[in-house]
Each structure stands twice: as structure tokens, then as C-alpha cells.
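Enquirer: Chain by chain, the residues:
Number of protein chains: 2
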Amino acid sequence: MTVLGVDCGGTNLKIAWVKESGEIIRSALEPINFKRSVGQVVADIASRIKIFLSRHGASGLRNLGMGIAGEIDSAQGIVRFSPNLGWKNVPLKKLLARHLDAKVAIENDANCAAWGAYCLDAKKDCENLICLTLGTGVGGGIVLGGKLYRGSTGSAGEIGHLTVDHRGRRCSCESLGCLESQVGAWGLIQTAKEGIESGRAPILKRLLKAKGALLSPRLIEQAAKNNEPFSKKVWEEAGECLGAAMASLVNVLNPDRIVLCGGVSKAGNLILNPALRTLKERAFKVPVKRVKVTVSKYDENLGVVGAALLSRE
Amino acid sequence: MTVLGVDCGGTNLKIAWVKESGEIIRSALEPINFKRSVGQVVADIASRIKIFLSRHGASGLRNLGMGIAGEIDSAQGIVRFSPNLGWKNVPLKKLLARHLDAKVAIENDANCAAWGAYCLDAKKDCENLICLTLGTGVGGGIVLGGKLYRGSTGSAGEIGHLTVDHRGRRCSCESLGCLESQVGAWGLIQTAKEGIESGRAPILKRLLKAKGALLSPRLIEQAAKNNEPFSKKVWEEAGECLGAAMASLVNVLNPDRIVLCGGVSKAGNLILNPALRTLKERAFKVPVKRVKVTVSKYDENLGVVGAALLSRE
Chain A
606 MTVLGVDCGG TNLKIAWVKE SGEIIRSALE PINFKRSVGQ VVADIASRIK IFLSRHGASG
666 LRNLGMGIAG EIDSAQGIVR FSPNLGWKNV PLKKLLARHL DAKVAIENDA NCAAWGAYCL
726 DAKKDCENLI CLTLGTGVGG GIVLGGKLYR GSTGSAGEIG HLTVDHRGRR CSCESLGCLE
786 SQVGAWGLIQ TAKEGIESGR APILKRLLKA KGALLSPRLI EQAAKNNEPF SKKVWEEAGE
846 CLGAAMASLV NVLNPDRIVL CGGVSKAGNL ILNPALRTLK ERAFKVPVKR VKVTVSKYDE
906 NLGVVGAALL SRE
Chain B
606 MTVLGVDCGG TNLKIAWVKE SGEIIRSALE PINFKRSVGQ VVADIASRIK IFLSRHGASG
666 LRNLGMGIAG EIDSAQGIVR FSPNLGWKNV PLKKLLARHL DAKVAIENDA NCAAWGAYCL
726 DAKKDCENLI CLTLGTGVGG GIVLGGKLYR GSTGSAGEIG HLTVDHRGRR CSCESLGCLE
786 SQVGAWGLIQ TAKEGIESGR APILKRLLKA KGALLSPRLI EQAAKNNEPF SKKVWEEAGE
846 CLGAAMASLV NVLNPDRIVL CGGVSKAGNL ILNPALRTLK ERAFKVPVKR VKVTVSKYDE
906 NLGVVGAALL SRE
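If you're matching them up, the sequences are chains A and B in order.
Going letter by letter, the first sequence gives residues 606 to 918 in our numbering.
Going letter by letter, the second sequence gives residues 606 to 918 in our numbering.
Extracted from the complex, chain A is given alone in its bound form:
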């Protein structure tokens, strides 16, 4: 039994045939232009799925799961709001059904990643898992008692918008001091910019010029590895915020596992060491002893695998 997963990013569509074990049989990455009408975009998505299916000789599509960034009403199959796609109240499930003869499930992309992490990384020895996607923003998904936890309106798991510093930086969600404003790539970049402008980050400034690149977590990582105190501190502080948020999660939800993924998690020990140290300093002893924190090795596939496997739940 195989299922189809689709991860709908802001510029790409990732499509994958997935075994029930979570193993990917075939996958493809298709660029999508979302700056068209919803109808055009949906028709395009459907046609790319059909082409993928026929190209790989797959016969009969029964279940399709799709992950999308934003507020998703998975029960009704509606995209309530997706800033990435510019969609508001789009009945995606119904629209796709016009093109595809399959049972379609749609879900928030971080929820998909959490389900993917649970199925690929943890199912055997884990009941309660939290997944944090550390990208431009910070997303999250929660699996409790072996089931994806969606909350009362399907909005649960917005861990990026856990307050860690209630008078802190203004977040993309308008609140103050959310985890995302400190640990999301945009937050890191903002901190780095402030450092460059105030002259405290000369190595970072040099790297930025030399590479002709955009300011990114990867560049801040390089500056830190070149021993620039400012850039090292950026990671140290981001790690401390991540650790404080994980401690809150451990104290409140007492999970077996926390799985980290996404671009920012690639900074490795630069962010992990302060995060794990802070987690241990802050959380209660018994639950912190139980929780295992890992960076997922499946990373970029968690979302598409989770979407596929959720379609069968």
C-alpha cells in the first residue's frame, strides 16, 4: 500500500510516493507560481500530480495528503489563511476533488512534519512527541498518545508563538518576544543586521561583502565559526531562547521526544549546545530526564512523508 504526499511550499511543490513504512519510493520537486488565481493554481497542482503519477506508472490514486503553511481547517479541508500562498478561506479539498479522483486530506505543514517525525523517527518507543520546524519562521506540531493533536479549532502546535520574553522583539504575529522572533531565520537575520549596522559584527560584514550573498543563518554560522564574538553570541542567545521554550514544553507537556528540523537546526552545536544546556537548567528533573531531543536526519522529507501518511489516518 502506497500513498501520495504533497508538500506545498511558497515556490515549490514536493510530490512523493510513500510506502506505509514512510519510505519514499519516488519524489519530484516542481516549481509553482502562486501569483495566479486560486483556480489556476489548483488546476496546475492537480495536473502536476497527474503527470507525476503517469510518469512513474502509478495506477490508481486513493489517498493524497497535502501539507500547507498557515492556518488549516483539516476537518473541513479549508485553507483558512496562508500568508505564503496569499490564500484566505480557500476550500482546497473541494477544489482538488474536481480534478483528482482521490481522497484528499490537507493539513498544516508543521503538523505534517510532526507526523512524519513520529512515523519515521519515533513510533517504536514514543507516545508523545513535539516537532519544531526551525526555518524562516518557527512551526510546530504535537503528537500525543500516538495521535496528531489538533486542538479545538485545528490550530494547535503554534510553538513558534510561545512567548519566551514577554517584553521582547515584535513578532510577525504582532505579539512580543515569541520564540520565532528570536530563533526563526528572520529573527536571526534581524539581530545580525543590527550587529552589522552598529559595527559589532565586522567578520560577518566582510563575509557578506565577499560572498555577495544575502544575510542568512548560514552566513552567521560561518562568522561564528570564524570566531566572531557577536555572531557566536547570536547563536548562544538563540539557543538559550530555544532551550527556554523547550523547557516550557517539557514542563507543560512532558513529551518523550522533541524533534528539531529545518534550516536553522543545521547550525548544529552552535545552537544545540546552549539549547540543551538551558533546557536542562530550566526544566523539572523527572520530565527532562525522560525527553530525548534530536535533530531529524529525515529533515526535508518529514513534511511530505507526514502528509502522505496522515492521509491514511
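Heads up, some of the hints might be wrong.
Put simply, identical chains are the same to the list, so a pair is met inside one copy or across any two.
As a list, the in silico EDC-like pairs of lysine to aspartate or glutamate whose alpha-carbon atoms are at most 16 Å apart [stated by the list, open to error]:
no., residue 1, residue 2
1, Lys-885, Glu-779
2, Lys-655, Asp-706
3, Lys-890, Glu-779
4, Lys-752, Asp-861
5, Lys-894, Asp-678
6, Lys-890, Asp-678
7, Lys-619, Glu-905
8, Lys-837, Glu-826
9, Lys-885, Asp-861
10, Lys-871, Glu-905
11, Lys-752, Glu-918
Just so you know, these hints were derived from the structure itself, not from any lab.
Chain B: place on chain A using the hints.
Expert: Quick look at chain B alone, frame taken from chain A:
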């Protein structure tokens, strides 16, 4: 069918016969001296329960639920650690079974309060509920999908130790800037003391002298109602911290209900207005529209009723 609930405070034992509806038939408050050996205390508890039963002509005890502040392993029936009682790894369930011919369940007291709030306040129209007990410390309990959520080691629900200000005041748990350090009675009193010492709280100082009382949330409430700017600010800031924590809970757990109880919640609008305003400012729109925040009218009975009803789960 009736069940017995026992709420084991630091100085009192509250015992209640409870109907399955949550209604209390009879109750008693018994002082207990915990400064004796565990064996002596347990024998005393058991004998007081027996006296209560015989006094009220109750025949045949089948289920007894007991709530205790601290880390409880409810599956094994062990009090892992209770600072209030000075107990560590006490196999309470086993010890009580030597004295009482009944099925005994023990549970963290805030979890009992959450279950009490769910059964008394919310069962009809609610799947997911969070209860915050705002007392000397801040406790919490979580009901998800109509079941008490205990987490992987039974430690879930420690909402008082959610970080709201990661560089804030040192908490009783050794972490920094926990909700409890700002909103727990001990945190409020510490803030008030600082105000008195620095001369910013003259009305509070006068009330304290006039009443010959100890500094308490009640007294800070009176000073605020006497229009002292400092004391008003104490409540304003406590409310903002409470609101930030509730926003985190709404974003992460997306509950139908948040129920507040405990002495500090008695300050009413002084703390509720800034809390609700902050919650609304900070949380995501769809889940914040769903959640209903209330102060429980059953307050002091939530724990004992919850303990009783949990014994039947």
C-alpha cells in the same frame, strides 16, 4: 454511586463525599500535622477518613481519590516529591491500602482541580480544558479530548513553570522568569516588598502597619483599590504575564476553556482585565476567539471533587 475525595494540603485534609455529578454531599476539614514520620501521618489520614465515614453513616468505601501538591506518579501510586509535605518517594497508595479497604488513586492536586473544573464547569461543551491554580505557587492541569493529560512520566501540566520572561526573576524551581515567579502569591509579595523598601508603595506600607497583617495578595489588592499607582501596577504586570502565558497555551494547545482558580484569582478585574487584554493582543485570532476564560465559582472544591471523580476513571 458516591465516591470519596481527599485534598491533602500542607496543613489540612479536606474530605468529601461526592456524587457522580460532582455535587458534594458532606465534607470536613481536618488539621493534619505532617511533621511526623510518614507511617504516623498515613495512619492518621486513614483514621480520619474512617471517622468521617462512620460519622456520616457511609457504608462501604469502594473508591477514594487523593490530591497532593507535588510530583506524583499516579500510575504507581507514589508521591515522588512533595515539598509541602516533606515527602520523597513515598508509596502512598500501598501504605493507605494497609489501613483502608478501598481502591485508592492519588494524583497531583492541580490535575485534580483541572478534572474538577472539567466535570463541574465544562464537560457539556468542552473537549480541551486548561486549569490554572493561582495560589502561593501556580499549578496547572490539562484535559485533552475529555481525558486528563498526564504526559510521559505523569508530570505534565506544570503551567506555573512556563517561561514568560527568560531573563526574569529566579523562580522557586530555579529557572528564570516562570509564570509563577510573577503571578504566584510569593512572587506578588516579593514585588510588593521591593516597592515598600524603595518607598514606592506608601499606601501598602500603611495598610500593612494598620492591619498588623502579613503582606498578602489581599493587601496588595486593597492598596490598588485605594488607588496606589505601585500596587495597581503590580496587578497590571501580573495580569500581563498571565495573559502572555495564556496566549502561549492558546497558540500551542488551542483549548476550548481556560479555568482560573485559587486565591490570586480572587483579585478579579485587577488581574483579569490586563490578562484578557494581553491574551487577545498576543494569541492567534481563530483559537483566541474559541477559548473561554472563566474564574471557577467552585474554586476551593475543585480539587476534592476532581480527586473523588478521578478515582472512578
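Enquirer: Compare the structure with each hint and give your call.
Expert: Structure-based check of each hint:
Taking the shortest alpha-carbon separations for Lys-885 and Glu-779, only the inter-copy value of 11 Å comes in at or below 16 Å, while the best intra-copy value is 30 Å. When the C-alpha separation of Lys-655 and Asp-706 is checked against a cutoff of 16 Å, the pair qualifies only within one copy, where the shortest distance is 10 Å, while the shortest distance between copies is 67 Å. Within a single copy, Lys-890 and Glu-779 get their C-alpha atoms only as close as 34 Å, which misses the 16 Å cut-off; across copies the closest is 11 Å, which meets it. In this assembly of identical chains, the alpha carbons of Lys-752 and Asp-861 lie at most 16 Å apart only when taken from the same copy (14 Å versus 19 Å across copies).
With identical chains, the CA atoms of Lys-894 and Asp-678 are at most 16 Å apart between copies only, with a shortest distance of 15 Å across copies and 35 Å within one. Only between protomers do Lys-890 and Asp-678 lie at most 16 Å apart by alpha-carbon distance; the minimum there is 14 Å, versus 37 Å within a single protomer. For the identical chains of this complex, Lys-619 and Glu-905 are intra-copy neighbours only, at 10 Å inside a copy versus 54 Å across copies, given an alpha-carbon limit of 16 Å. Proximity of Lys-837 to Glu-826 under the C-alpha cut-off of 16 Å is restricted to the intra-copy arrangement: shortest distance 8 Å within a copy versus 45 Å between copies.
Proximity of Lys-885 to Asp-861 under the C-alpha cut-off of 16 Å is restricted to the intra-copy arrangement: shortest distance 15 Å within a copy versus 32 Å between copies. For a Cα distance limit of 16 Å, the shortest separation of Lys-871 from Glu-905 inside one copy, 11 Å, qualifies, whereas the shortest one across copies, 49 Å, does not. For the homomeric pair Lys-752 and Glu-918, the shortest alpha-carbon distance inside one copy (9 Å) is at most 16 Å, but the shortest distance between copies (21 Å) is not.
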